[in-house]
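> Sequence:
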Amino acid sequence: MEERTASMAGCPPGGHPDVEQPCNPSVRTWSPNSAVIKETVPPICPEPQGCYLELEFQYPVIPESLTIWVTFVSEEWDSSEAVNDIKLLLVSGRNISLGPQNFFCDIPMTIRLDPKKANEEVYGIQIYTLDEQLEIDAAMLTSVPQSQLCVDCQPIWYKIIRDPPFQKGSSFIISDLSRKFVDT
Numbered sequence: 001m002e003e004r005t006a007s008m009a010g011c012p013p014g015g016h017p018d019v020e021q022p023c024n025p026s027v028r029t030w031s032p033n034s035a036v037i038k039e040t041v042p043p044i045c046p047e048p049q050g051c052y053l054e055l056e057f058q059y060p061v062i063p064e065s066l067t068i069w070v071t072f073v074s075e076e077w078d079s080s081e082a083v084n085d086i087k088l089l090l091v092s093g094r095n096i097s098l099g100p101q102n103f104f105c106d107i108p109m110t111i112r113l114d115p116k117k118a119n120e121e122v123y124g125i126q127i128y129t130l131d132e133q134l135e136i137d138a139a140m141l142t143s144v145p146q147s148q149l150c151v152d153c154q155p156i157w158y159k160i161i162r163d164p165p166f167q168k169g170s171s172f173i174i175s176d177l178s179r180k181f182v183d184t
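Just so it is clear: in the sequence shown, position 126 is 126 by UniProt numbering, and no numbers are missing.
If you are wondering where the hints come from, they were derived from the structure by calculation, not from laboratory data. Accuracy of the hints is not assured; some may be wrong.
[To be verified] Ranges between beta-carbon positions, derived for each pair: (1) 164 to 120: 47 to 53 angstroms; (2) 110 to 153: 19 to 25 angstroms; (3) 145 to 48: 33 to 39 angstroms; (4) 65 to 28: 37 to 43 angstroms; (5) 67 to 119: 17 to 23 angstroms; (6) 102 to 163: 36 to 42 angstroms; (7) 167 to 64: 42 to 48 angstroms; (8) 156 to 81: 21 to 27 angstroms; (9) 160 to 49: 56 to 62 angstroms.
If you're wondering where the values come from, they're calculated on a predicted model, not measured in any experiment. Every residue, glycine too, gets a C-beta built ideally from N, C-alpha and C.
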């Protein structure tokens with residue numbers, strides 16, 4: 001099995017999604033071909049597992065969800081076959097396999113994690129593919145509510161700007177995932 005990591009030359013070490021245009025190849029992503037010299041033949045991701053990307057997060061957390069931005073899938077692969085497994089890497093040394101996942105290049109894919117299965121701290125993930133041209137832009141692990149890492153965190157304030165401007169009231173709101181706004 002061939003391991004490729006996001007710390008290779010030309011790949012950003014982490015952060016928010018930054019691909020210029022989803023569904024088009026980009027130099028700002030990871031793929032099995034990202035470290036291949038252009039004059040050489042790219043390696044084949046061997047069966048049954050394929051190539052994999054291993055990412056470690058800054059802080060281990062008990063996860064509520066995992067979001068992955070796959071921004072390019074080769075036309076040779078169906079989007080349901082491009083990623084044949086995702087493994088959660090637990091601090092205890094165990095791994096949890098999430099199995100094959102269905103990705104689309106223009107929207108992030110979020111997997112809600114079963115708290116009965118993933119009730120331990122996760123420090124990283126491995127994403128397995130047989131598609132040598134698959135491109136991954138970013139991954140985000142969201143902690144369960146009341147995480148110790150977030151105890152001292154303050155809510156994020158957003159300024160909403162609208163054209164035409166709001167007629168009355170404040171344009172600042174505190175982030176609240178349960179609030180919904182409808183423009184009437």
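> Does each hint fit the structure? Answer for all of them.
Checked hints:
1. 164 to 120: 47 to 53 angstroms: holds (50 angstroms)
2. 110 to 153: 19 to 25 angstroms: Since the Cβ atoms of residue 110 and residue 153 sit about 21 angstroms apart, the hinted range of 19 to 25 angstroms holds.
3. 145 to 48: 33 to 39 angstroms: About 37 angstroms separates the Cβ atoms of residue 145 and residue 48, which means 33 to 39 angstroms holds.
4. 65 to 28: 37 to 43 angstroms: With Cβ atoms ~24 angstroms apart, the hint is violated.
5. 67 to 119: 17 to 23 angstroms: For residue 67 and residue 119 the Cβ distance comes to about 19 angstroms; the hint holds.
6. 102 to 163: 36 to 42 angstroms: With Cβ atoms ~37 angstroms apart, the hint holds.
7. 167 to 64: 42 to 48 angstroms: Roughly 38 angstroms apart at Cβ, these two residues miss the hinted range, so it is violated.
8. 156 to 81: 21 to 27 angstroms: violated (38 angstroms)
9. 160 to 49: 56 to 62 angstroms: violated (46 angstroms)
In summary, the numbered hints that this structure violates are 4, 7, 8 and 9.
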